[in-house]
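K.L.:
These are the residues of each chain, in order.
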Amino acid sequence: MPLVRISLRAGKSADYKRKIGDAVHHALVEAANVPPLDRFQIITEHDETALIYDAQYLDIKRTDDILLIQISFNQGRALEIKKALFARIAGLLHDETGIRKEDVFIGLIEVPPENWSFGNGEAQYAK
Amino acid sequence: MPLVRISLRAGKSADYKRKIGDAVHHALVEAANVPPLDRFQIITEHDETALIYDAQYLDIKRTDDILLIQISFNQGRALEIKKALFARIAGLLHDETGIRKEDVFIGLIEVPPENWSFGNGEAQYAK
Amino acid sequence: MPLVRISLRAGKSADYKRKIGDAVHHALVEAANVPPLDRFQIITEHDETALIYDAQYLDIKRTDDILLIQISFNQGRALEIKKALFARIAGLLHDETGIRKEDVFIGLIEVPPENWSFGNGEAQYAK
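Chains as they are written, first to last, in our numbering: chain A, 1 to 127; chain B, 1 to 127; chain C, 1 to 127.
Derived from the structure by calculation, the hints contain no laboratory data.
Take these hints with a grain of salt, some might be off.
Claimed, not checked - Under 10 angstroms between C-beta atoms, here's a sample of chain C residues computed to sit facing chain A:
#1 M1
#2 L3
#3 D15
#4 T63
#5 I81
#6 F118
#7 Q124
For every residue, glycine included, the Cβ atom is placed at its ideal position computed from N, Cα and C.
Take the sequences, apply the hints, and build the full model.
P.N.:
Quick look at the structure:
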């Protein structure tokens, strides 16, 4: 149910992308109670004219290794869960790929559970 | 007003993509009261390192023909409408392209009507 | 904090894309109180089979120069601010690139401030 979009600058290896996707998913499972099999991700690469970021906003130094991660998932997670999720995503990405935590940008979009269909044209999470 | 993003594995024909876009739009018109001319879609193709899905979550068997469909549209549709929309999207996709209904993943994002501009820098749906 | 996705038909120059990104960002700063350094944008190009739009919905005449702009940012902006933002985006895009205002489609997604991490695994905007 999380639908995860990860955008990065082009030129990384398939192995690097795999590790990024793995780290983000494992963080969702560990910190935000996402089922381990509930994994749907889109990773896109963009050249320097197409992925634009500020290199110092909020005094955080960003580089071309930046990841822009947008996660759509169910509403209702408490602030403490969101904070733990952010920390775990950045932590696992750093541990597994060496990416700097400064380069991990995350945005969450929350929707009601009834807004998902996992296949078969049904709303599996609707009450 | 629906802004529809459809992501699929690379390698499909232009005709296949056209049929997919048509089916999703027709389902929105038929099941969710979207005006027939209100069509704005982005279809993106991704290789196997970039579109990642679980092949069995919720015991639904998915294949590389999976479609990840994310629809942003106006809030306020009842659960029954959402259910009818999911069923119609999967049904029309199957009927028109042969895609398995198990391979149709859908997520909805709802926003207030004032959040759209259809051109000219105006908020055409604002009260 | 705005995460901005701009989709256009393929074939434009790097300079054109830069001007588009600049115009959208400047409009956010001028009309919606976004900090000048708070800039994160993804610009994607799509061929005619992949970016689909209606050329006349609401009697607005659109061309292949259409821009589909989706902005995720903090909730709470008043309708008048949203209207001013739409007008400023279309106005600046026209002034800086010559694009027709009819070709500027915009959708907003609003989220709570705690839904962003600008790096370091922290929720910088959380209270």
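K.L.:
Which hints from the list above does the structure break, by number from lowest to highest?
P.N.:
4, 5
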